[in-house]
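Residue numbers (the numbering used here), protein chains in the order written: chain Y, 582 to 823; chain R, 15 to 605.
Check before you lean on any hint, since a few could be wrong.
Unchecked claim - Only part of the chain Y face toward chain R is listed, based on derived beta-carbon distances under 8 Å:
| no. | residue |
| --- | --- |
| 1 | Ala623 |
| 2 | Trp687 |
| 3 | Met689 |
| 4 | Tyr702 |
| 5 | Asp740 |
| 6 | Phe775 |
| 7 | Tyr780 |
| 8 | Ala797 |
| 9 | Tyr811 |
| 10 | Leu818 |
Said to hold, decoys possible - Computed footprint of chain Y on chain R; a stretch qualifies when at least three of its residues, placed anywhere within it, have a C-beta under 8 Å from a C-beta of chain Y:
| no. | stretch |
| --- | --- |
| 11 | 62-69 |
| 12 | 100-109 |
| 13 | 193-204 |
| 14 | 253-261 |
| 15 | 430-442 |
What the hints assert, rightly or not - 20 Å max Cα-Cα, derived EDC-like pairs, lysine to aspartate or glutamate:
| no. | chain 1 | residue 1 | chain 2 | residue 2 |
| --- | --- | --- | --- | --- |
| 16 | R | Lys94 | Y | Asp617 |
| 17 | Y | Lys790 | R | Asp442 |
| 18 | R | Lys66 | Y | Glu618 |
| 19 | R | Lys343 | R | Asp299 |
| 20 | R | Lys221 | R | Asp391 |
| 21 | R | Lys544 | R | Asp150 |
| 22 | R | Lys94 | R | Asp487 |
| 23 | R | Lys179 | Y | Glu695 |
| 24 | R | Lys301 | R | Asp23 |
| 25 | R | Lys179 | R | Asp209 |
| 26 | R | Lys85 | Y | Asp806 |
| 27 | R | Lys94 | Y | Glu699 |
| 28 | Y | Lys768 | R | Asp524 |
| 29 | R | Lys441 | Y | Glu666 |
| 30 | R | Lys372 | Y | Asp806 |
| 31 | Y | Lys784 | Y | Glu666 |
| 32 | R | Lys108 | Y | Glu699 |
| 33 | R | Lys221 | R | Asp498 |
| 34 | R | Lys94 | R | Asp484 |
| 35 | R | Lys218 | Y | Asp806 |
| 36 | Y | Lys759 | Y | Glu695 |
| 37 | R | Lys427 | Y | Glu747 |
| 38 | R | Lys85 | R | Glu39 |
| 39 | R | Lys66 | Y | Asp617 |
| 40 | R | Lys518 | R | Asp484 |
Simulated from the structure, these hints should not be mistaken for lab results. Built from N, CA and C at the ideal position, the CB exists for glycine as well.
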Amino acid sequence: MSDTNRRAFLKGSVILPPLAALGVSSASSQQTPAVDELAASAPAAATPAADDYKPTYFTAPEWAFVQAACARLIPNDANGPGALELGVPQFIDRQMGTPYGDAANWFMQGPFFEGAPEFGYQSQLTPKQQYRLGIKAIDAWCAKNLGRTFAALKPEQQDDVLKKVEAGTIKSDEAPLKTFFSGFLLKNVMEGFFGDPMYGGNKNMAAWKLIGHPGARADFMEWVDRPALYPYGPVDLHGRQA
Amino acid sequence: MAVTNKSVDVVIVGFGWTGAIMAIELAKTGLNVLALERGEDQDTVPSFAYPKVVDEIAQSARNGLLQNLSKTTVTIRHDKDGRALPYRQIGSFKPGTGVGGAGIHWSGVHSRVMPEELRLKTHTLERYGRGFIPEDMQLQDWGVSYEELEPHFDRFEYVCGTSGKAGNIDGVMMPGGNPFEAPRAREYPLPPLKDPPTSVLFAKATKELGYNPFPLPASNASRPYRNPYGCDLGPCNFCGFCSDYGCINYSKASPQTTILPALRAMPNFAYRTHAHVTRVNTSADGKTATGVTYIDAQGREVFQPAGMVVLAAFHLHNVRLMLSSKIGKPYDPNTGEGVIGRNFCYQLINSVNTFFDKQTYINPFMGSGGVGQAIEDFNADNFDHGPLGFIGGGIIWGRQTGIGPVRGIPLPKGAPTWGSGWKQAVKDNYAHTGRIEAQMSNMAYRGAYLDLDPTYRDAYGEPLLRMTLDWQDNDLRMSEFFGDKLNAIAKAMGATSASGRVLKRGDHWDTRAYQSTHINGGTSMGTDPKTSAVNKYLQSWDTSNLFVLGANVFAHGIGYNPTGLVGALAYWAADNIRSKYLKSPGPMAAV
Ligand SMILES: Cc1cc2nc3c(=O)[nH]c(=O)nc-3n(C[C@H](O)[C@H](O)[C@H](O)COP(=O)(O)OP(=O)(O)OC[C@H]3O[C@@H](n4cnc5c(N)ncnc54)[C@H](O)[C@@H]3O)c2cc1C
Ligand code: SF4
Chain Y
582 MSDTNRRAFL KGSVILPPLA ALGVSSASSQ QTPAVDELAA SAPAAATPAA
632 DDYKPTYFTA PEWAFVQAAC ARLIPNDANG PGALELGVPQ FIDRQMGTPY
682 GDAANWFMQG PFFEGAPEFG YQSQLTPKQQ YRLGIKAIDA WCAKNLGRTF
732 AALKPEQQDD VLKKVEAGTI KSDEAPLKTF FSGFLLKNVM EGFFGDPMYG
782 GNKNMAAWKL IGHPGARADF MEWVDRPALY PYGPVDLHGR QA
Chain R
15 MAVTNKSVDV VIVGFGWTGA IMAIELAKTG LNVLALERGE DQDTVPSFAY
65 PKVVDEIAQS ARNGLLQNLS KTTVTIRHDK DGRALPYRQI GSFKPGTGVG
115 GAGIHWSGVH SRVMPEELRL KTHTLERYGR GFIPEDMQLQ DWGVSYEELE
165 PHFDRFEYVC GTSGKAGNID GVMMPGGNPF EAPRAREYPL PPLKDPPTSV
215 LFAKATKELG YNPFPLPASN ASRPYRNPYG CDLGPCNFCG FCSDYGCINY
265 SKASPQTTIL PALRAMPNFA YRTHAHVTRV NTSADGKTAT GVTYIDAQGR
315 EVFQPAGMVV LAAFHLHNVR LMLSSKIGKP YDPNTGEGVI GRNFCYQLIN
365 SVNTFFDKQT YINPFMGSGG VGQAIEDFNA DNFDHGPLGF IGGGIIWGRQ
415 TGIGPVRGIP LPKGAPTWGS GWKQAVKDNY AHTGRIEAQM SNMAYRGAYL
465 DLDPTYRDAY GEPLLRMTLD WQDNDLRMSE FFGDKLNAIA KAMGATSASG
515 RVLKRGDHWD TRAYQSTHIN GGTSMGTDPK TSAVNKYLQS WDTSNLFVLG
565 ANVFAHGIGY NPTGLVGALA YWAADNIRSK YLKSPGPMAA V
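Next up, chain Y with everything else stripped away, as it sits in the complex (with noise of 0.2 Å):
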């Protein structure tokens, strides 16, 4: 169904139950209060990636970490851009200004005790707080033991780090390293890249056409059963194609 069909669709399905089979006078029902269909169903305004972008989350120490990180974890390669290019570090610090940020839908009353890993996340840091410290530990290892910030070191000893991040090698007092590395770096960068536009990273939806994704179409009533590739770009939650 197009967009158009779609809502014509919902328009036409108004539902009428049959009040006189449900013994109920017709003129007592309450009917769902009208709605603006158009202006209800639109997704909240979009920020996508800009090139002047300054960050209000992270400070500009942070903001160096967390853009060389993202050139790493996803490469400009021969595949195409990466997370940097996408704009990914953009998303992350907008993320860090949303509920998310402060964990507003996590359980956070203590106490807190470490528990076995398949109790789930016991910590009481706040994505936020994730990012701050795991940022200045990493830094701080990195300077101690390779002379540089992680930013100023090269590609492949910033690999190196990031692989002994997400091994439990490099430890820090300060930070659980590898629940940041996994649960919060790793984890936000894939959701910036293969997020909506509208959030800042994907930019012009290029993760979605790597792997063929086609985004917010959702409609797929005459592909479903036709094993072959799907002929068609995707398109974004504000309808922009591409």
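Model the placement of chain R with the ligands on the given structure of chain Y, informed by the hints.
Chain R with the ligands only, in chain Y's frame:
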């Protein structure tokens, strides 16, 4: 108490699937019915409208439609000597909130129950003997029979517009359906959905292996449909934003699409949102519920008097309300006495990603929550357990639920997790990856139970529900058996490789990764008040004007998805309330 409302005939706690069913079925009698829902009001338009809702960041990454854990959650431990830790982030299960409950973001797989599972203890003793049951396994019969429930399964399927193919109509085997199916009175209301690539490959492979594939019954409409309440469903377009999402097309059965349009029109029904119920109030002798207490949007404590109370607040909250309201004796794992919290069960899921060559397109972004092909050759007691030495079974399926990259792109074993190698791997694999799964029953054990946490409290000052549960030897041996079947099926499907999660002996319940929201047990139904919290009509043994709905009334786990049974039990309870209880209120079953 600060505020006391005007009394109603029936107050229903929670306005999701079971709350909506009970509300309309009791409102039809003319009773004054009020539903109290803790979350927001929501409806297809505006809440689940396209394009707004098909947003992986908002719904899947940030859990837009799920219970806000900062308000209330549970604590979890593996055994009764461990320290329970809070479920701080959404992981293994995804409780809903707001009007419609988890009936909004569910997938739509719509099953019944196998007749012998409702009398599993008797059946196991008959077929395998007492020595077959592990010592700490608490098997029991449910007190209700499949034949009694059949009209109610039928009713719920016709309300949902379930798409499927009958395998057994009144004992006559139907080609193309599930040959293990328990007898049903008539065909499904709608024909099966179209098969996506994963399901086609799965059906072919399982047939070659000598199994009996059939289209999984799905409450995602395959055609336009008008249900018995006069509510209209439109055909599912395989949008790929189903599980975790509200349906954009009025296709997935939910309280909103199948019941509320009719219910809202009834003058003797009302519902209130932002009403978080904290107690069922009872008379001094505990035998009568007098109403419920809730916290309203302004934080005020409100007493809502009622002639009858129905708990429909989802598994977790139904059990917690029984415990915090001190109705029924709490279960004690040391003595095995008490019933509230007893026989808490879950399900085991083995999930195998199947990777195909570049010519084989799966297109995993297309799909629907319930669409797929399945086999039940190893469900319930459809196979001889004797030589295998475990109790329980499950369903194996090749579903294609629709998935996008923010929800995670599975990769073959050994693929890098980031960097250029990862980028190459997602590019190569995304369009060519399917998934097959086994969903298996988790039996009831003496040491698996629910009680109130002694340490942690929620935003309302109430103790959290504490879960004590881990996989047991019986279940893990079953899981290994299913793991072998899955690997053989993956190979027969032509997968070039497979990766995933198969639970093996030594594994523990991992609360981090999503598996299913099919937790059950805790206020079992049954015939004996010493081992059940409610009778066969879902009426509390202790407080006869209190009815308890939800998967918490299961006596033990099943391999099927629960909602077909949960819904049927709600219709069954409503039917008996109308035909028996309202005529002569009081206990409906003899002790
Ligand atoms: C992602 C997902 C996929 C699923 N897929 C399937 C599937 O394919 N097949 C299947 O059979 N099942 C599936 N399920 C399970 C299905 O959603 C549930 O079985 C079903 O919704 C249970 O109905 P219920 O009425 O018990 O609870 P719900 O539908 O969740 O309704 C409970 C309501 O009570 C409210 N509530 C809770 N506590 C309180 C309180 N204290 N005061 C007031 N209100 C309260 C909640 O906010 C909620 O609205 C799935 C679930 C999830 C999360
Ligand atoms: S896949 Fe079908 S049933 Fe599911 S949300 Fe999309 S249109 Fe609705």
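Okay, the hints, checked on the actual structure:
no. : hint                 : verdict
1   : Ala623               : holds (6 Å)
2   : Trp687               : holds (5 Å)
3   : Met689               : holds (7 Å)
4   : Tyr702               : holds (5 Å)
5   : Asp740               : holds (7 Å)
6   : Phe775               : holds (4 Å)
7   : Tyr780               : holds (6 Å)
8   : Ala797               : holds (5 Å)
9   : Tyr811               : holds (6 Å)
10  : Leu818               : holds (5 Å)
11  : 62-69                : holds (count 6)
12  : 100-109              : holds (count 5)
13  : 193-204              : violated (count 0)
14  : 253-261              : holds (count 3)
15  : 430-442              : holds (count 9)
16  : R:Lys94 to Y:Asp617  : violated (54 Å)
17  : Y:Lys790 to R:Asp442 : holds (12 Å)
18  : R:Lys66 to Y:Glu618  : holds (11 Å)
19  : R:Lys343 to R:Asp299 : holds (14 Å)
20  : R:Lys221 to R:Asp391 : holds (11 Å)
21  : R:Lys544 to R:Asp150 : holds (17 Å)
22  : R:Lys94 to R:Asp487  : holds (17 Å)
23  : R:Lys179 to Y:Glu695 : violated (50 Å)
24  : R:Lys301 to R:Asp23  : holds (17 Å)
25  : R:Lys179 to R:Asp209 : holds (13 Å)
26  : R:Lys85 to Y:Asp806  : violated (43 Å)
27  : R:Lys94 to Y:Glu699  : holds (16 Å)
28  : Y:Lys768 to R:Asp524 : holds (19 Å)
29  : R:Lys441 to Y:Glu666 : holds (18 Å)
30  : R:Lys372 to Y:Asp806 : holds (18 Å)
31  : Y:Lys784 to Y:Glu666 : holds (8 Å)
32  : R:Lys108 to Y:Glu699 : holds (16 Å)
33  : R:Lys221 to R:Asp498 : holds (17 Å)
34  : R:Lys94 to R:Asp484  : holds (10 Å)
35  : R:Lys218 to Y:Asp806 : holds (15 Å)
36  : Y:Lys759 to Y:Glu695 : holds (14 Å)
37  : R:Lys427 to Y:Glu747 : holds (17 Å)
38  : R:Lys85 to R:Glu39   : violated (31 Å)
39  : R:Lys66 to Y:Asp617  : holds (14 Å)
40  : R:Lys518 to R:Asp484 : holds (13 Å)
Checked against the numbered hints given earlier, this structure breaks hints 13, 16, 23, 26 and 38; the rest are met.
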